[in-house]
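Student: Below are the chains, spelled out letter by letter.
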Amino acid sequence: GENVEQHPSTLSVQEGDSAVIKCTYSDSASNYFPWYKQELGKRPQLIIDIRSNVGEKKDQRIAVTLNKTAKHFSLHITETQPEDSAVYFCAASKTNAGKSTFGDGTTLTVKP
Amino acid sequence: SQTIHQWPATLVQPVGSPLSLECTVEGTSNPNLYWYRQAAGRGLQLLFYSVGIGQISSEVPQNLSASRPQDRQFILSSKKLLLSDSGFYLCAWSVQNSPLHFGNGTRLTVT
Numbered sequence: 001g002e003n004v005e006q007h008p009s010t011l012s013v014q015e016g017d018s019a020v021i022k023c024t025y026s027d028s029a030s031n032y033f034p035w036y037k038q039e040l041g042k043r044p045q046l047i048i049d050i051r052s053n054v055g056e057k058k059d060q061r062i063a064v065t066l067n068k069t070a071k072h073f074s075l076h077i078t079e080t081q082p083e084d085s086a087v088y089f090c091a092a093s094k095t096n097a098g099k100s101t102f103g104d105g106t107t108l109t110v111k112p
Numbered sequence: 001s002q003t004i005h006q007w008p009a010t011l012v013q014p015v016g017s018p019l020s021l022e023c024t025v026e027g028t029s030n031p032n033l034y035w036y037r038q039a040a041g042r043g044l045q046l047l048f049y050s051v052g053i054g055q056i057s058s059e060v061p062q063n064l065s066a067s068r069p070q071d072r073q074f075i076l077s078s079k080k081l082l083l084s085d086s087g088f089y090l091c092a093w094s095v096q097n098s099p100l101h102f103g104n105g106t107r108l109t110v111t
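Read top to bottom, the protein sequences are chains A and B.
So that you can map any letter, position 34 of the first sequence is 34 in the working numbering, and since no number is skipped, the others follow by simple counting.
So that you can map any letter, position 28 of the second sequence is 28 in the working numbering, and since no number is skipped, the others follow by simple counting.
Because the hints were derived from the structure by calculation, they are not lab data.
If a hint is listed, it holds; no wrong ones were tucked in.
From the structure, some residues in chain B lie toward chain A, with a derived Cβ separation under 10 angstroms:
1. 34
2. 36
3. 42
4. 43
5. 45
6. 59
7. 88
8. 90
9. 92
10. 99
11. 100
12. 102
13. 103
14. 104
15. 105
16. 107
These numbers were taken from a predicted model, which means no experiment stands behind them.
Here a beta-carbon is modelled for each residue, glycine too, at the ideal position from N, C-alpha and C.
Isolated chain B (complex conformation):
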């Protein structure tokens, strides 16, 4: 069966520090991979999605970047965090014509 791992679960970082969140998927090949952000009490905003290794599409301009160095690995990064980067970050995967499967999320607090 397919599983998705996302870490860390919680993270507190000072403004201006770098960020690296990692997500890996097991049990499926060539998945579509996604990073979503959820602000408190709000919906899910798509940040990045990837249909293959090295292929990244950005949905909104921001202080973040994403990379897909391996088929089942997706990384969200920032060189310098802003206060507005705080939120609940969710990695997800899907295959064609299937729903999203989310990881457990990372709660990021930028202080």
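Just chain A, same shape as in the assembly:
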């Protein structure tokens, strides 16, 4: 089955700096890659996603890049703010977008 590895497990940045989280996947048939943000004690919520026919997608301060050849995708957050502090999960799936395999998460801390 699909295996998703996520790095780093923890990331601490200064407010205003950029943060990058990387994920690799094993199944070349995977074609949908969402990113979720989970604040402490709350449910994960989608922040951005990308499909395999696209190499990059941006939404304000957040961007995701996908390298299908290397089977890795990354989340980029620019101009980080304290409210960006949370756990971020990457995921990969194919065909049925709900049956996703998740990475173990990255705890991002943005210091004011």
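Based on these hints, arrange chain B on the given structure of chain A.
Tutor: Relative to chain A, chain B alone:
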């Protein structure tokens, strides 16, 4: 708009007791439904998913079972809880080619 309801929010149960967690979805028809478990500080593990009434797929062998008695209702059960069943349980729904939408979760502590 679509909404998902999951209850209870927290639950403390003794080892060996039964479990029933319920999830309902409003505002969409024939959704795919999922139960995930999240151990403390860990990622999300898919336990069960369902593409229709009475259709349940189990992803990992465990002490739990799931049922879908109605199109928008998904139930997670256990006959006898184990200590290792403690965790944060999340119900989610999706439709084809869309992301997951999670409920608020149930924090289960087995004592």
